[in-house]
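**Q** Chains as they are written, first to last, in the working numbering: chain A, 1 to 547; chain B, 1 to 172.
Hints were generated in silico from the structure; no laboratory data involved. A hint or two may mislead.
[What the hints assert, rightly or not] 25 Å max Cα-Cα, derived BS3-like pairs, lysine-lysine: (1) B/81 to A/444; (2) B/49 to A/476; (3) A/444 to B/84; (4) B/70 to B/98; (5) B/98 to A/476; (6) A/444 to B/98; (7) B/171 to A/476; (8) B/171 to B/37; (9) A/476 to B/79.
Quick caveat: nothing in here was measured; it's all calculated off a predicted structure.
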Amino acid sequence: MNAAQLSTTIRMHTRPLAWLVAALMAMAVLAMPGRASAHAALVATDPADGAVLAQSPAQFSLTFSEPVSPLVLTLVRPDGSQLALTSFRLNDQTVEIDNPEVLKSGTHVLSWRVVSVDGHPVGGSALFSIGAPSAAPVAGEAVDWTLRAVIWAAKLLLYAGLFLGVGGAVALAWLAKDRRCGQSFVAAALLFGLVAAPVSLGLQGLDGLGAPLARFAAPAVWKTALETSFVWTALVGLIALGLALLSLAGPSGLRKLAASAALLGVGGALAASGHASAAEPQWLTRPLVFLHGTAIAFWAGALAPLGLALRYQPEEAKAFLRRFSRTILPVVAILAASGIVLAIIQVQEPAALINTSYGRLLLLKLGLLLFLFTLAAINRWTLTAPAEAGDTEVQRRLVRSIGIEMLIALAIFGVAAGWRFTPPPRALAIAAAQPVSIHIHTLKAMADLSITPGHAGEVEASMVIMTGDFGPLDAKAVTLVLSKPDSGIEPIKRPATKPGDGTWRVDNLVIPIPGRWNARLDILVSDFEMVNIEAPIDIRADVLIFR
Amino acid sequence: MKKYLLAAGALCVLGTNAALAHITLETQEAPVGSTYKAVLRVPHGCEGKATSAVRVQIPEGVISVKPMPKPGWTLQTKKGKYQKSYQLYGETLTTGVKEVDWSGGNLPDEFYDEFVFRASLAADLPAGQMLYFPVVQECGDATDRWIEIPAAGQDEDALETPAPVIKLLPKK
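Using the sequences and the hints, build the whole thing.
**A** Printed below as a string of structure tokens:
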């Protein structure tokens with residue numbers, strides 16, 4: 001490759017990348033302002049929440065406080081099956097939705113998720129019944145398997161780009177003697193990664209909004225994506241991939257520098273987002289994720305160039321093999337140590353290894369790792385020495401073994417990509433403690449009610465009471481009444497106390513069972529005047545079932 | 001197991017106070033434009049405690065209120081402006097009693113008593129509709145408020161502490 005070809009290659013590889021990075025940065029900057037604007041609020045639904053209709057309506061409508069654009073509209077039938085409502089019209093602030101079928105009798109749930117003008121997604125649901133009410137259908141969280149598969153595949157490709165691509169570029173720059181073997185493999189991995197990074201970002205937006213794959217190009221999706229921490233993973237990942245490409249094609253003086261910077265970028269990209277990086281304590285987890293990612297890239301990335309070199313250039317590969325086997329032990333030690341600490345932080349207690357899907361994936365990954373380490377140890381301590389000495393039979397075995405290692409490494413990446421869908425036990429515990437909140441709005445009064453934690457068991461309720469037009473309401477007394485008529489449990493009625501911070505509280509409340517409760521607030525406005533406002537509130541089960 | 005205990009406990013604690021009698025008016029319908037003798041019937045105290053005060057709010061359109069004194073009870077009225085003026089026997093009334101309080105008494109939970117006032121139902125009250133007389137019953141530091149008014153379409157039996165009510169009949 002002469003100088004002119006070289007510079008063409010650089011330009012070819014770097015220019016689109018530079019544009020991509022610039023575009024992403026511009027989008028990130030554009031997404032920053034405009035946080036404080038109000039969200040759209042549902043004003044009315046037709047049929048009204050709780051309505052009982054004589055016959056199936058021809059259409060539904062949702063009226064909001066400002067114009068919105070619908071993302072997902074679903075009708076849950078009484079038997080729990082779901083019907084996607086795709087035919088709708090926007091009429092000023094009202095979304096008119098066609099009902100594609102004649103509804104059978106029973107209670108239906110109209111579930112909606114829209115994006116308001118400020119780009120924030122808002123969701124909710126309205127219950128209505130045909131004929132007579134039935135038990136409210138359990139809207140099993142619909143899993144969009146197509147979207148999941150695509151998210152998973154994009155993540156796998158991103159890992160392949162970062163670990164095999166960037167790691168491969170590092171191995172070629174620092175370890176290999178002859179850099180031609182494995183170069184095209186590494187370049188291919190890098191290109192996959194360059195595609196997968198922005199695609200993953202968009203998918204992140206889709207997932208955040210719960211929108212289907214068809215809406216991939218919607219501006220709201222990308223706006224949402226740019227507000228997630230994953231934008232930094234994508235951005236730093238792209239830079240790392242670009243630097244690695246530069247180290248492949250660029251001038252030799254830059255090679256080692258670019259490859260090293262790219263390797264740091266891999267660690268940085270992984271540390272920027274994800275479950276493990278989000279865990280506390282941050283000063284520990286982020287550096288650990290960084291080390292873990294860097295070590296994976298160094299190890300896994302070297303495998304393909306090393307195997308290909310041993311296969312096609314056994315003589316030159318000897319030096320490569322020697323350098324690799326000398327450096328790999330501390331790298332694997334870092335990899336294992338950081339992995340173990342992160343696993344302990346995430347899983348918290350051994351039982352969670354079995355009874356959460358996160359834990360089961362971790363066990364699977366550990367099993368694969370055990371296999372990988374065994375192979376690697378055999379390679380390192382029995383095959384490396386004769387292979388370096390020039391034993392061709394052993395070299396062939398080593399190549400095969402490295403091939404298998406690669407496949408296992410890919411399988412491990414696949415498992416790790418699966419973690420995208422399984423919150424770690426740590427996060428499950430945090431999520432279980434989250435409150436459930438509802439806003440009750442009537443002409444006479446309105447209230448914000450929060451129940452903390454939002455699951456059955458011992459909870460505390462906090463209420464803010466206002467007049468119907470957002471004015472202060474100095475109530476004489478407030479009583480919280482929780483009822484669940486379908487459970488046979490008599491209403492739980494508790495007077496609220498006034499701690500003096502403008503809220504009303506009910507402490508040491510016990511909600512015996514999860515499900516949809518009716519929360520009623522009896523607000524004593526004056527001696528002789530009581531205002532009752534009520535709304536349903538969904539109390540979770542103790543153990544969260546996550547989508 | 002704990003959950004079931006909790007549920008059972010909730011049942012025991014909360015399942016008691018439902019079907020007890022309310023404070024009601026003896027005569028439950030009256031024609032508009034007539035004189036009405038209101039007899040508030042107090043069947044029990046507040047969750048077992050002796051009643052020490054009964055206060056009734058006079059709704060708009062109930063004019064010229066005269067409460068009946070009760071031995072052992074201090075009778076007070078609160079006067080105020082009506083929302084509009086009413087004609088009664090050639091006189092124009094713009095103010096009058098808005099609340100009647102019998103206080104300082106002692107009516108044990110196991111005894112029954114009545115609290116009486118006389119009033120005129122204005123002729124322009126809407127016949128066919130219900131007229132509510134919210135009552136606050138005090139028993140020392142405990143209070144029962146018979147002030148609930150059913151929302152449109154709500155069954156009055158569904159209320160735990162409904163306000164005493166009469167049905168307005170057409171003028172005779």
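**Q** Now, for every hint given, state plainly whether the structure supports it.
**A** Evaluation of the provided hints:
| no. | hint | in the structure |
| --- | --- | --- |
| 1 | B/81 to A/444 | holds, 24 Å |
| 2 | B/49 to A/476 | holds, 22 Å |
| 3 | A/444 to B/84 | holds, 23 Å |
| 4 | B/70 to B/98 | holds, 19 Å |
| 5 | B/98 to A/476 | holds, 20 Å |
| 6 | A/444 to B/98 | holds, 23 Å |
| 7 | B/171 to A/476 | violated, 39 Å |
| 8 | B/171 to B/37 | holds, 16 Å |
| 9 | A/476 to B/79 | holds, 22 Å |
Checked against the numbered hints given earlier, the structure breaks only hint 7 and satisfies all the rest.
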